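K.L.:
Chains as they are written, first to last, in our numbering: chain A, 1 to 324; chain B, 1 to 324.
The reader is advised that the hints may include incorrect statements.
The list treats identical chains as one, so a pair stands whether inside a single copy or across any two.
Mimicking DSSO-like on lysine-lysine, the simulated pairs with C-alpha atoms at most 27 Å apart in a straight line are [stated by the list, open to error]:
no., residue 1, residue 2
1, 147, 290
2, 82, 270
3, 312, 292
4, 312, 82
5, 22, 216
6, 216, 290
7, 89, 22
In short, the hints are calculated from the structure, not lab data. From a predicted model like this one, the values you see are computed outputs, not experimental measurements.
There are 2 protein chains.
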Amino acid sequence: MAGVRQFKIAAIQVGPIARAAKREDTVKRLCGLLSKAADEGARLAVFPELTLTTFFPKWLIQSQEEVDSYFEKGDITKGPCKPLFELSKEKKIGFYLGYAELTDDGHHFNTSILVDNEGKIINKYRKVHLPGFIEPIEGIPFQQLEKRYFEYGDMGFQAVRTNPEWIDATVGMLICNDRRWPEAWRSYALQGMDLMLIGYNSVANAVGLFGDKEDKTLRQYHSDLSAKSNAYFNSCFAVSVGKCGKEEGQDLLAGSIIVDPTGRTVDQCKTEDDEVIVSEIDLDDSIIGKQKMFDFERHRRPECYTRLVEQKGTIPLPPYSPSN
Amino acid sequence: MAGVRQFKIAAIQVGPIARAAKREDTVKRLCGLLSKAADEGARLAVFPELTLTTFFPKWLIQSQEEVDSYFEKGDITKGPCKPLFELSKEKKIGFYLGYAELTDDGHHFNTSILVDNEGKIINKYRKVHLPGFIEPIEGIPFQQLEKRYFEYGDMGFQAVRTNPEWIDATVGMLICNDRRWPEAWRSYALQGMDLMLIGYNSVANAVGLFGDKEDKTLRQYHSDLSAKSNAYFNSCFAVSVGKCGKEEGQDLLAGSIIVDPTGRTVDQCKTEDDEVIVSEIDLDDSIIGKQKMFDFERHRRPECYTRLVEQKGTIPLPPYSPSN
Chain A
1 MAGVRQFKIA AIQVGPIARA AKREDTVKRL CGLLSKAADE GARLAVFPEL
51 TLTTFFPKWL IQSQEEVDSY FEKGDITKGP CKPLFELSKE KKIGFYLGYA
101 ELTDDGHHFN TSILVDNEGK IINKYRKVHL PGFIEPIEGI PFQQLEKRYF
151 EYGDMGFQAV RTNPEWIDAT VGMLICNDRR WPEAWRSYAL QGMDLMLIGY
201 NSVANAVGLF GDKEDKTLRQ YHSDLSAKSN AYFNSCFAVS VGKCGKEEGQ
251 DLLAGSIIVD PTGRTVDQCK TEDDEVIVSE IDLDDSIIGK QKMFDFERHR
301 RPECYTRLVE QKGTIPLPPY SPSN
Chain B
1 MAGVRQFKIA AIQVGPIARA AKREDTVKRL CGLLSKAADE GARLAVFPEL
51 TLTTFFPKWL IQSQEEVDSY FEKGDITKGP CKPLFELSKE KKIGFYLGYA
101 ELTDDGHHFN TSILVDNEGK IINKYRKVHL PGFIEPIEGI PFQQLEKRYF
151 EYGDMGFQAV RTNPEWIDAT VGMLICNDRR WPEAWRSYAL QGMDLMLIGY
201 NSVANAVGLF GDKEDKTLRQ YHSDLSAKSN AYFNSCFAVS VGKCGKEEGQ
251 DLLAGSIIVD PTGRTVDQCK TEDDEVIVSE IDLDDSIIGK QKMFDFERHR
301 RPECYTRLVE QKGTIPLPPY SPSN
């Protein structure tokens, strides 16, 4: 049997989640959205980063107990999120879910899972490119403390091939800031990735964090540009989905987007709240790019790329000297 | 003395060059354009890839003597191009020039040079990402035989710091197809590059080469997307300049563009012929991105990028197995 290459995929954009929201209520809300995506025929749906709670890294939280309250402990399929996995099996819809993971041995990760259409976790990813800071910055309205609350992902970029009777894809996962790092996309594409799933919580006005000129329009442009260009460079589809709206006073980017392998928009959310968009995609549209312009075997020159792994930060050239 | 960080830069788009055009006449035409850029106050001007001749890789040329006639031999500052170097010194304008280089020991490269404002070559780059084929494809109107006529660049990606009294920049150079490869940009950015110069000859309708859906609009979008996204990811200015128009029956992309470090257009050519655009840029605008979002030292994770250099082509994952 030929695998399912052409299917409907959903971006499930999620509006603000209050600090006081109960996990059970949030999961119920997410189930409603997942159910809607399934009813519209989607075989796979993509939720945002840290979907289950408010985006807590905006605050300096002194109590580790409170920090941990934003994390999922133990088997996520059996806790408060259980209804999502049951719904997946019932409605035969897979999903990407971002959440804060606290492992049994006490490690904290910004994590996403890929769940198949039988409610089974088939891949996990832990965010590699944590943005922000360990220590708070004085005098700004909201912090970005991901480097404080999370450890760097320890699983690398491991793609997964899915059951072709569900969808016949090689899936990569990234989380938020990762999407701005071409190295991350390429690491997946070198495994044949043809579908990239991304969740994000991106602040729309990063006052004090990224410079005064980064307004909401520019930040949305950057979010779109990152998905479109990297989908093109790696000839893959990309579904990039945000938690959005005014959350506890902080404005988050909306504009969740489905992008094709030529880097063009298939569909994009129009609201700043809960919104489900469903598009039919054909993964075979990724083949021509992989065979022509971005045939890595014919065109890449890894012997010229050694700086990318041999150094982390910039090593500036020595100052100009007339004798050079 | 503080270096010159704020200055005018020119993109010199060049219209079609006939197969029969004499090198002396072409150089004269280029001198006119360079002179115009200088008169408008530009300190640096960017010419296209293979600026001195028609884009000959569109043909299968059996005679090596004819192939070699498109190449520059010996000291380029002393041959037919001499007037360009004299003009540079006279008008105090530097330039990027792409040309076909035949070395004294018989090697063929697709090359660009950076010339300072005294007519002196201060850096050279040889194209790494040669597109196209070694053997012609049957039954298509125009070939893409760069892999036949050129050897892969053997100089890597070596940036250069310029005399700060002229312009105080760390300059990278790429050629055409290179701009679609994020590894190339990053290799320069890791040296502190804040200004990327690119020349191109990109076919507008690559019939038979990249798939029927790649029309002129889409190819222009990809050209722009490549410059904008990589300028953003590396927080640098980029000047990407084409040879354009209907050249010997082949339609080449125009749309030469100057991009800022936020990935936005500063200015873009509007014609499909010889056209000089001049924009004032401030290289200090590249600093904030390098210090915040794209502070490589804080945010890159090279230990996760090893696939980028350890493999050249895609190594697909094994097919799905239920036991996985």
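K.L.:
Are the hints correct? Go through all of them and say.
P.N.:
Cross-check of the supplied hints:
1. Taking the closest pair of Cα atoms, residue 147 and residue 290 come within 27 Å of each other only across two copies (18 Å); inside a single copy the shortest separation is 35 Å, beyond that limit.
2. For the identical chains of this complex, residue 82 and residue 270 are neighbours neither inside a copy (30 Å) nor across copies (57 Å), given an alpha-carbon limit of 27 Å.
3. Taking the shortest Cα distances, residue 312 and residue 292 sit within 27 Å of each other only across copies (15 Å), while inside one copy they are farther apart (31 Å).
4. Taking the shortest alpha-carbon separations for residue 312 and residue 82, neither the intra-copy value of 40 Å nor the inter-copy value of 42 Å comes in at or below 27 Å.
5. In this assembly of identical chains, residue 22 and residue 216 lie within 27 Å of each other by CA distance neither inside one copy nor across copies; the values are 29 Å within and 52 Å between.
6. Taking the shortest Cα distances, residue 216 and residue 290 sit within 27 Å of each other only across copies (20 Å), while inside one copy they are farther apart (34 Å).
7. Taking identical chains as interchangeable, the C-alpha atoms of residue 89 and residue 22 lie at most 27 Å apart only when both belong to the same chain, with a minimum of 24 Å there against 71 Å between chains.
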